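Once you have looked at the hints, place chain C on chain X.
If you read the protein sequences in the order shown, they are chains X and C.
Heads up: the first sequence begins at 1 in our numbering, then just goes up one per residue.
Heads up: the second sequence begins at 1001 in our numbering, then just goes up one per residue.
If you are wondering where the hints come from, they were derived from the structure by calculation, not from laboratory data.
One should not assume that every hint holds.
To be verified - Here chain X is said to cover these stretches of chain C; the calculated rule only asks that three of the stretch's residues, wherever they fall, bring their Cβ under 8 Å from a Cβ of chain X:
id: 1; stretch: 1055 to 1067
id: 2; stretch: 1092 to 1102
id: 3; stretch: 1116 to 1128
id: 4; stretch: 1182 to 1196
id: 5; stretch: 1200 to 1209
id: 6; stretch: 1218 to 1229
Note that this is a predicted model, so its numbers are computed, not measured.
Glycine residues also receive a C-beta, built at the ideal position from the N, C-alpha and C atoms.
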Amino acid sequence: MVAKDHNAILLHAVDEAAVRAGLSIGLPLANARAICPELTVYDADPAADLKTLNDIADWCDRFTPLVALDAPYGLFLDITGCAHLFGGERALLQIVTNALSRRGFAVSAAIAGTSIAARTLTRHVSGKIVVDGTEAQAVGPLPVSALGADSAVTTGLRRAGLKTIGDVAARAPHEISARFGAAFTALLSHALGQGDAPISPRKPLPDYIVEKRFPEPIATDTVIALTLSSLAKMLVAAMDKQGKGARQLEASFFRTDGAVRAIMVETGRPVTRPEMIDRLFRERLDALNDPLDPGFGFDLIRLAAGRTEIVVQQQRDLDTTVHDNDEISALIDRIAARIGGKRVVVHLPLESHIPERAALALPAQHHLAAASAAAWPERVTGEPPLRPLRLFERPEPIKVPFASVPDGPPHQFTWRRALHAVVRVEGPERIAMEWWKQDGAALTRDYFRVEDAEGQRFWIFRDGLYENELRDEEGKSVPANWYVHGLFA
Amino acid sequence: MNGARTGTLASLRGSIARIEAPSDAAMPNRIALGHAGADAMLRGGLAPAVLHEVFAASHQGGAATGFIAGLAGRISARKPLVWVRQDFSDRENGALSMRGLAELGLDPRLLVTVRAADVDSGLRTAADALACDALGAVVLEIWGQARQLDLVASRKLTLAAQASGVTALVLRIAATPIPSTAETRWIVRAAHSPPGNAASPWGAPRVEAELVRNRHGPVGRWIMEWKCDECQFSEPSAYPQPVAATPAHRPHQAQARAGHRLAS
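Chain C on its own, in the form it takes in the complex:
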């Protein structure tokens, strides 16, 4: 073996080692949520083409829907989204409002909603939709403890997602987590607006997202805020209303008075 080929082999081995090494560096093609802490824990963001689960208590439906809509918005920015839900989920938690979706910065034009009669047909529809590679993501919303959504069912969804590259998001309201093949599992509840009195304005949607399972890393818990205009999550801001950016060359005196003005 001559020197040049040895050198090539060595460099290739090096790059393979770098790919395989469990490093904290960002993984390729991960989708960043925008929340720095969570992104660091997830090594760059959510993995596409796998299954992610979001759980919430029965009265936290609003916050959980917002969170999963945010995830779907991050994952499939410009591609169609299929949202599979059960018939009675409208009555329990209300129907998905298109105006509300638009207010979150997502595009109602890209949404196809499927109302399934029961869990079985919902699962089958979701698996079908996951096989269609023109979609960005598929959301499956299941209300209550569903016996059918076991390890086998989640394995099927994961395989379908891997084959087509479409991400599966499962929203479980009023359910307790059971073993599954999900890449990540979140428990979501609503979070307070930043402190203030009753009349002070409320800010962007906020959720307390707890990462209870992460196949390839540690878990954590964060308060996340959804930035409707940028269509991404972020750290919670201290002020409910957007604050004018500080000019780069601001006189010292003006900076000292800035906080005073905001509090008034």
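So that you can see chain X by itself, here it is in the shape it has in the complex:
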């Protein structure tokens, strides 16, 4: 594998045969070819490497929810409290190593009290398990390069005659800090098991997790559905003890060949009923563009509540509005699970006199309560509608042959290739744009409500005022543009 670095083509990765031939990472390709002319070379693809690492991390999610990437080649698994589920630390280490080697990866794994200590051990030997408190003895004999510090630091240490981690640790910390910086001292103390750098897991830890493992992989839809509903019952039972309801749920399907598919569902208010969770997932699974592919079957299905809220118990039997609101938010959740939360909207008024900015459409799942309490402008009693029922997002240009007076309404106009003769006009209603927000780009609009010979009513406007806005640089007047902005009922 080669990669380009500072205009030189360097070896990026080598296999065992190449190592035996005397090649090493970082060697220029030209030198490598001189050493070993029959070298087979491929371009390195860091993006694909990272994707593979992510896929492995997905697979590792089955052991613990706390999996962190240590790019480019490492993974940290926080197995605190998880190991006994797999028969102890040694058995867990065996499972991970064997499974990954079977797929053709070269694996080096270790378990230690701190993530850095474990990483340092993997650089040297695989399969080591360090008992708490003995990290210093375990990493002491290893060469300093195993720490994974900068190459400058490693070279500096070697030049100073400090060959093993034990040698470095024997010096007083202030000497090391003065020479190599505080960051290296911290790294060293973590490797020696004194204090721990927190790992940053790829996914936030869900509030509740339930899962089911299968000795034989399952592949049929009925079994998957049954598993999901029994998991939903377990999850609700767990949440119910603390009076919580789920706002965000994620089902993960672990395939036997290592692929993992996660499906997420969000709800507008905390869910506390298993049948609701079941139904949401059924809607979501039915509507997937690329359906769930069991392949050779799933051997683990997990249901996690990513975000939960405390549920306020309300009197349901007597208060019909509470019941109705529940029903409606459940309906919105169901529709949103199938077609997407952004497609189900409620409307909120905005403080703007510009017609297209007077209302805001927001996802109904999150804004239902705000929308039902919104204050819309009151209509003027006795007046016919002043605003159209249908409003075009972008006003559509119309052709106006002439207006009898420059500022007046048109006698006829052409919209969508049909000629409309104006028989009734109301207006103008002058709406100035928000000139304090943008500088001079938008023109003042004169709106007219017009009715054509057939009785259709339009909301049309002229963009710009004749006397001062519709002029070119030389002060000559230019023809105005007309638009239809809406249709009245």
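Relative to chain X, chain C alone:
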């Protein structure tokens, strides 16, 4: 059988006969539109918990939307309304404006809008919404000739509406009617404002509504006016602006001059 029981049975039979008899009397729980002629033809108004269809030509979208919004407003006065529409319906006919809806006397706070990607997902969403009995009505807006909206689809909507008691309203713009299980079917176009010159004010929204199908009665055609303040339909008024009500005890001379003043 003693006399008292015979009497009870007879009275019960009588009341059943009255319910079943095809009479012109108003049916129970019908929702009156407010337009006397149409209400009489519909025997009291629109039936709830069934399917009603409104058709309009492609350029009559504004009037048809107004009419169906009026129907929805009559049917579900205080209950939430779900309006299902297609993505491109915004571009064809404009988005539903909340200010416009409020101007018609309807409440934007009660509206939940669903934008469906295609007809199939729109139909499915509408059927889902119809199953939720907390809603007042569900409007399904489909633009153009939709093959999917056949007899089977409309039967599904009708059954869902009957089960939950929620009324289904289907707005079809730029489509020709095909057989369906709709209770009523309307064809709507815009109607003129009352006569006057170009500068005279226009009045309340007006539509020409033609009832082309009525499962339980005759059909007809009316000009209807939507009263924004009362939130109901009515016969078209002769004057665009509301006229002050005539006092009950008005002197004879004043009445004669009233028309004169209005015309000026």
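Tested hints:
no.	hint	in the structure
1	1055 to 1067	holds (count 8)
2	1092 to 1102	holds (count 10)
3	1116 to 1128	holds (count 6)
4	1182 to 1196	holds (count 6)
5	1200 to 1209	holds (count 9)
6	1218 to 1229	holds (count 3)
The structure agrees with every numbered hint stated previously.
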